[in-house]
Amino acid sequence: MQYHLRDHTADIAVESTALTLEEAFAGIAEGLASAHSDDPLSGGAKFNFTISSESIESLLFDFLATLIYERDIYNVLPINHTVQIEQKKANWSLSSVYHGVPIDSIISREIKAVTYSDMAIERMPSGWRIYVVFDV
Amino acid sequence: MTTFETENISLNQIGEFMWEIPRSGDMLVPARILASKKLLDQISKDKTLEQLKNTASLPGIQKYALCMPDGHQGYGFPVGGVVATDAHSGCISPGGVGYDINCGVRMITTNLSYKDILGKEQSLSRLLFDKVPTGMGHGGILNTSSRDIEDILSNGSEWALSHGYAISKDLDHCEDGGKRTDADHTKVSHKAKQRGKNQVGSLGSGNHFLEVQRVSEIFREDVANSYGLSVDQIVILIHTGSRGLGHQTCSDYLRKIEIEHADFLTQLPDKELAAAPAGSELANDYYAAMCACINFAWNNRQIITYATRMAFEEIFQNSWENLDMNLLYDVSHNIAKKEVHIIDGHPRELFVHRKGATRAFPIGRSELPLDFINVGQPVFIPGSMGSDSYILRGGTKSLDLTFGSTAHGAGRILSRTKAKKIFNASEILKQLKEKNIHVIATSDATISEEAPGVYKDVSEVVNISDFLGIGDKVARTFPIVNIKG
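Residue numbers (our numbering), protein chains in the order written: chain A, 9 to 144; chain B, -7 to 477.
Just so you know, these hints were derived from the structure itself, not from any lab.
Since we're looking at a predicted model, the values are computed, not measured.
Beta carbons are placed, not taken as given, at the ideal position from N, Cα and C, and that holds for glycine.
Fair warning: there could be bad hints in the mix.
Unchecked claim - Partial list, derived from the structure: chain A residues whose beta carbon lies under 7 Å from chain B:
| hint | residue |
| --- | --- |
| 1 | Ile81 |
| 2 | Ala121 |
| 3 | Asp143 |
Input sequences plus hints: build the corresponding full structure.
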């Protein structure tokens, strides 16, 4: 799994590539963490949640939106993500496990929200590619 | 006719600093860009023009879709976009407001002059940084209960007044008196309220800031007198919005609209243009929730005003009342409001979406406070870090040309990732200190990303606004102290 922060005029974009869809989702989440802080990120307590959505794009949106929500509620930066995705007809579900680095232990800045802008979830010959723009 | 060509879009120049993309394809109206050729060159380099064209396809859109001189790429709507839709037969779009609902600016005036602050810049910057939480995870000035949040969502700055953090005149000089009466806190999700509880009185990060400035030049003496401005005067500019509560609300309603109006969304070129039909339950719910978030943001800026007053009291060993620390005005630049404008000679109620654009109402407009009805509405255009900001007055042509709007800032030209590679935070801070500008930020990344070179020339944006008569130049200010996240 790989992720990169990409150029965007006013905000931040993250691109991830991975062999599986779950790893690509996890890659975007790691990129989101990286967009928050330049500090080396490790440790933290374990957190988990489960969500479901009506499409793969909305699942990705809801997954990242939930991470941002939990960041503010628990005051932690989510890292070290493990994601499981299941599709049953028109319903997509996702289970997430991550570690939360306490915000007050790092220098960080706020990412406001996930957007649908230019969102891409693509199957490639080598796996999956995901691209997401975040509002700063 | 002079034209401007990009790869896919052709613009006609229809006047000085006015360009138009003719109606074509799915566009219901033309799209207009207010810009010099130089700014248009910059604007055309990202997706701003394409996004502007897309907004012209929104149901019930009136006259034209607009992009202000500081426009740049956003999501769905360009930042700097102004779109007015019929409030009864059109639609309302959360993307036309933005995630940071009621991000806006307020200016506080004082009776201090530049010489009063010399030697105190360092201590003032440190005290303000201590008193006003910036960045992420540092809480808010106040600890609030769930009940407080509901009251704030319902009552805006009136909450601050009833709890001793404001005076009546602060509300008089705030857009809408600091309270949207159409707010309904029950339309704001529990998640959003949870996020807001720890953020009452906080700046956030990105391009938000609190800046102590001095007035360096007056352009219109009569208006400056009415606003209480004079050369060398110390003023304070506060730029922030509705924090996580607003961001969550925008996300919540984007998803609700996506689920409820999936068919309609498939007709739109961009999901972030998601809109609810005017008059539908969802449109009414979003409007009520948005108004509640607007209230939260006004209260947020008011609480920061209180903390700023306390900081100045401590530094200058005098009460803020004796220092005449008064609110000049507070105005939003991410908002959708029901306003009446003249369309084809008849008054019509519209949703005016201003995303990275500021209301700029001229003399005589009834929404203005009594103090400004015969002067015109104050407008604040912050420049980039370390550069001039401007105070404008709503121009006489604004209602005709831009639904009573003007720009909101300088507009970015360089991405955050590129800025971090080019600009070293320590170097930037050193260069600013050589100009006696003291900046404290929670994160070095913010300093690099907000470096002066990443924004357009704000004076060019302001001069175009002045030339077109949508926002008249009143005064210019220069930074002394700046705190950010």
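Here is how each hint holds up against the structure:
no.: 1; hint: Ile81; in the structure: holds (6 Å)
no.: 2; hint: Ala121; in the structure: holds (4 Å)
no.: 3; hint: Asp143; in the structure: holds (5 Å)
Of the numbered hints given earlier, the model fails none.
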